[in-house]
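K.L.:
Residue numbers (this note's numbering), protein chains in the order written: chain Y, 1 to 347; chain S, 1 to 369; chain D, 1 to 314; chain G, 1 to 500.
Simulated from the structure, these hints should not be mistaken for lab results.
Output of the computed footprint for chain Y on chain D, the stretches with three or more beta carbons under 8 angstroms from beta carbons of chain Y:
1. 108-114
2. 129-142
3. 239-252
4. 283-294
Glycine included, C-beta positions come from ideal geometry on N, C-alpha and C.
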Amino acid sequence: MDAATYVGTQRRKFLSRERVVKWAPLLVLIVLVLLFPLFEWLEDARAGDDHVYLLDSRFFSIRNAARIFISAAPALMVAIGVTFIIIMGSIDLSMEGTVSVCAVVFAFAFIAWGGTLLSWAWLALPVAVLVGAFMGFVNGLVHIKLKIPSFMASLAMGFVGTGLALLLTGGDRIRVEDPIFRSLLTERWFNFPVMCYVAFVFLLIAWFIQSRTTLGRNFYAVGGGEELAHASGLNVERVRLMGFTLAGAFFAVGALLAVGRIGIAETATGNNFMFVSITAVVVGGTALWGGIGGVWNTLVGVLIVNVINNGMVVIGLPGWVQDGTLGLLVIAAVVLSTDRKSVSFVK
Amino acid sequence: MSFIKKFIDQEKVNRRDLLLASAYGMGGVAAAGLLGPGMARAAIADPTVAWSYRNRTNPYWNEIVSGGEAFVESLGKSKEFLTHLINEGSSEKSLADVKALLSKTNGDLALAIDTNDAPNARPVVEACAEAGAYVSTLWNKTDDLHPWDFGDNYVSHMTWSDEGPAEQTARILLEAMGGKGGVVHLGGIASNNPAIERLNGLKNALVDYPDVELLDAQPADWDTQKANQVMSSFLTRYGDEITGVHCANDTIAYGVLEALRAEGIEGMPIVSYDGNPQAVELVAAGEILATVFTNPHWGGGITASLAYHAATGAFKPSEEPPEHREFYGPTIFITPEDAAEFKANYIENVPTYDWTDFWGPSNGQIQYG
Amino acid sequence: MNLTRLKPYLPWITLVTLTLLVGIANPAFFNPVGLMGLVADIVPLFIMALGMTFAIYIGGIDLSMQQMANLVTVVATVYLAQFGIAVAFICIITGFLFGAISGFVTTRLYVPSFVSTLAVGFVALSGAKYLSGERALSMDATLRNESFGWMFTTVAGIPSELIIAGVLLFIAWFLQTRTTFGRALKAVGSGELAAVASGLNVDKIKILAFAISGTFAAIAGLMFSVKLSGGDANLANGFLLLAIVAVLVGGTPLTGGVGGVINTVIGTLIVVVIRSAMIYLEVDATQQQMVFGVVLIAAIALTIDRSKLRGIVK
Amino acid sequence: MYQLNAVDKKFPGVHALKAVDFEIKRGEIVGLVGENGAGKSTLMKVIYGAYQPDGGSITIDGKAVRFSNPRQAMDHGIGMVFQEQSLILNLTVMENIFLGYEQQFVSYGVINWKKMAAAARHQLSKVKLDIDPATITSELSFAQRQLVELAKVLTLEERVDGDLVILLDEPTSVLAKEEVELLFKLVRELTNRASFIFVSHRMDEVLDLSDRIYVMKDGAVVDVVAHDEAKVDAIQHKMVGRDVDKEYYREQKQRPYSDEVLVSFDGVSDGRKYRDMSFDLHRGEVLCLVGTEGSGREAILRTIFGLETPTEGSVSIKGNRITRFNAQNGVALGVGYIPRERKIEGIVNGMNVYENMTLSQMANYSSGGVLKTSDEKALARDWIQRLAIKTPDVYKDCGGLSGGNQQKVVLAKWRSGGSDIILLDHPTRGLDIGAKEDVYEMVRAMCDDGAGIVLVADTLEEAIGLSHTILVLKDGKFQKRFDGRPGEKPSLYDLVHHMI
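Go ahead and model the full structure; you've got the sequences and the hints to work with.
P.N.:
Here you go:
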């Protein structure tokens, strides 16, 4: 008997458990998208109005899709950044600080260098991304060189970031009025503002990094088995450092889109990004213990969270119910997209 | 007031303090003796002046701070003389910071404070009275807490009755809507007093406009980004039914404006509150119909000034009438017609105030309903 | 003395060094009354950190504590008139139940505690908003003093709040070090699979750990509510991150099984010293948060015992 | 070709390597044996660059070299196949093979997956493994993963100019017998490509495969034996410095078991790993489950302990039919489980000796939930003495004990709690001879005390030597039952015949 014939090859089943779990987040998203119009239909039906399910839905419309995408775009960028970190099995909680600093630095530079994209002020865009990357780099250095677990290192770096943004602005908010920059929001192609396309391009870039570059694949290697990767000759520290730097750059892109959406850069620009982005990543099916998931999962996760938020207002849920409903739906989404058989225990 | 009566009153106050305060168990007269002057302390020659507020990300608080700084400069000191305590929206930090500062200054403190949340006012005031410091509060306090229950140490409380002004801006809005259509309200943090009052203002106005429907009211937590998202969801739910927007403050209005801009909607009637410089610009440009200026610069300065002058003994709060201890702050309406004038008077040239004219611009004693 | 022998004492050393630094820069810091007050004031934060220790000790985290405390401030304020001091039991039961739900979602539904507790926290927030009618409520002063006035008295010169904290600390310490439950917690934190293979009911232990952290959150919320004489759905905001930081700085790493409640005492004190140092050393207000972050990194770098992190630092 | 000359390595308090001379020639397979702690793993770490020697020199083809990390060693043609499987399970096979060396497939920053797949196929063909290189590694069997691992090391062939030296650290520990034979066949064929250093606890395998055998003891090489002169006894003698008992498996101590049934399986299936399983375990019996990896042996153990719920049939323990399967029930009925993953499932790393020993029976050492620590310590001291556990005191963290002593702590945990149904999953895996003998001694002692033992043995010899009864399984199905009375024991061939 020969080695090849003995160990043989296993055929993968078409509808394996892995596959079902893999597509569960998308399924959840679709269900949610179909669910909210159902409530609208019920409401109108009870009032005795004509309402064709989906067709007459205000939620299920292109205009609302655009609104959801607008609110999702900055969060998506931040969530993509943290996705890389979570794939490595680490966590990054510094996004609120980094986003604020990048937004503020961008606004200051943009205004100082001309205040319109048609001048040298366009340089403020790459400068902001560089600043984000630098903040991520420092975050990574603190984590790796001081051997502080990423949770604590990034949490503390988040404080530093927010503090730095406050120091820079002294509490002022900076308006970015340039109509060309603001066309991110105001200019629409095929019903969707430019910022949606920008976000999509960066999503593709992230996907490219994840699937076609050594760095991206190394994230998975580190997340799948850090010590093993190290033993295979991988410079794990370098991969980690690059990961945090890359995440910082994506946080910066998120900051730019956030400024583009509101037209204001301030210390509070970064608020709320932490829990939203991490929740989105997890809801999308990227496991907190690393090695599984990716940027498409994150897209689905971010959309789930934003669809829930938008849908709850659209169907007229009272304010106080919304938090709890979000909580319950998040649990449901994570439960459905976790392959329970593959994890021995969860903490 | 006779000497005897005064003494008895003083004793009452002390006993009440003994009951209410005294987390250290050193309340009342005994503590006063032990710690130094305490309640008996008449005057502090050179107290530390501090302002405790929520954060620096809201222009409103920056205005407050600028007032506080203007006041210390009027004393011939540098801006840096003013100590800042920022609570970041945490009542726990607010109280802890005050306690630390009291301990550091040994009670030689004149404190102006917004306690972040109404319930937090009591422990803050009690701690100050305990240490013999002088405190003036702004905005948040519970209805059962009064300066006159604490002798001289709780100098004053200033707040704004937002219901009336909010009602007036609402009327401007409803008129602009032609007295019909649908209005949405984006509120502050739901449990904050101003948020409640401003919504009530709108509701009061709506009584006279039966053809206008209040489509929805959702909290936007004073936050531009949240307001932006809530507004775009409103647009989905109500679409063209929305013909006017009532915002609880200016930062919310910014988010609303951007949500409308994203949809290419122009000329939607909007009113807001606070009168931040940026909002005034927007009023001048006609993008916002009206906002209410509460003169935070003056509020910030005069609150610190009251605490300071009480501390130095320049006036004795317990001898002042109730309307000098609990009073409403000033409100100024800003509409497109007077925006330019307002801008010239209040923003481009910050007026120089007489910080010893404590109650000149104030608006009467606080009424509890 | 070499560094390895010093390691277990690093949190202590950090605390003492920080205290001395602040004290030298501004001797007023050593005023005993002020110090006592400083410590008494952090009791709610400390109790919350104590609860958090249980969640982190088993290798999880509890992000619902702040919202739980918010809910409890409302529950306490709303039901004080009706139940008097018995409202404390309602609060504690509320905390226990919500914590148990977090634990259930984590263990039985396989949702990582980072997400499950966050989500349960949202549910608690909804409850708080509903119950409070989205308003700030205040307690009736007489009722409050009748039922909870004792919290603000002193026993032999020591504030009752501190005594409560001490009692809770003792209970937590006893639970952790002297009981089968504490031993089981350690086993779950250090080697969950071995605990399963030893026949321990690991799910039950974890659910209980989260229930305990919920209970402590409730006690913290109750004390805070009484202290502030009121409640609303945002009252306890700002506690969460500080409580986590306190636990971590004390030397209980997120990996579980190491550290414990005594570490949390030190951690909380370190956090408080850093925070009051800002005021004593007159750090500019706009710089405080940044300084806090930097000092935090230094403190964590000093206090964590990396040899106990076992293997990789994630 | 590759030489270590008087290499020295010291750690605080330990002289791990004492002037070790070591040499390997082109195309040679060199065995490396020694008891735990003899310095084998230190020596290997020096060879593949994880440790830097304190003294002596390393030469390749006469030229002195110095590696500061494994990567530099790899660049000199030295590769390592790890004992613990070192593939990253969430990556594809080809990614694993080229992990850390992806650069060759990258142009303009982009990985060319087709090119990598082709290269990976080439590597896999060296180990005769015909799988899609894009397969996710977790979908492979253990045996397949072992081959992928070897293929990964063989990439050095293309990458490095000189000759290859490949270290195989316990490569057979997770493989079933016939898989081992296939691996050996492959290794012999591969000697035209590389030299091998083979480390194993299984003496027969080392003898079988190696051209020369280095015997280590106490950090020094005590003998180098050529293949033809190698004798198990002689080598073991040198390793342990004493004679190994001929009656290795304590057959003379095997006594007949009683009629009392402890565990009874009647037509049990778990729906996945095994089907229609029926057997009885009696008091005093060692019942051994024999089969290849994946034959369902472990799943049966886990069912008895209560970690898995069967879908069909009935399980009775001491006459009680089990309806709710959980570990607490199992423990309460006297079942003790000694898992294969000793460091992960056996002991709690981070808890001390007495804490580990009472973990399963805390109720006995507490009243009202409060622990009686002095009783615990007394228990621990008693069992430390009974089983001769080498530990400075009862406060020692079990993670810091040697493998054999960890195993003794686990055994003490169950035995001290009165468990009389003991499930042994590879109890001697990774233990040196001395520690193995201790375990065998304990197995006999437990039987004498009236315990019933279900064993999944590390080797077939062990299975034959220890058991009263052998059940052979294949693909989750019962094949054949053998009676193992001393003198009538089945032969290796009998078993293998039914296994494959």
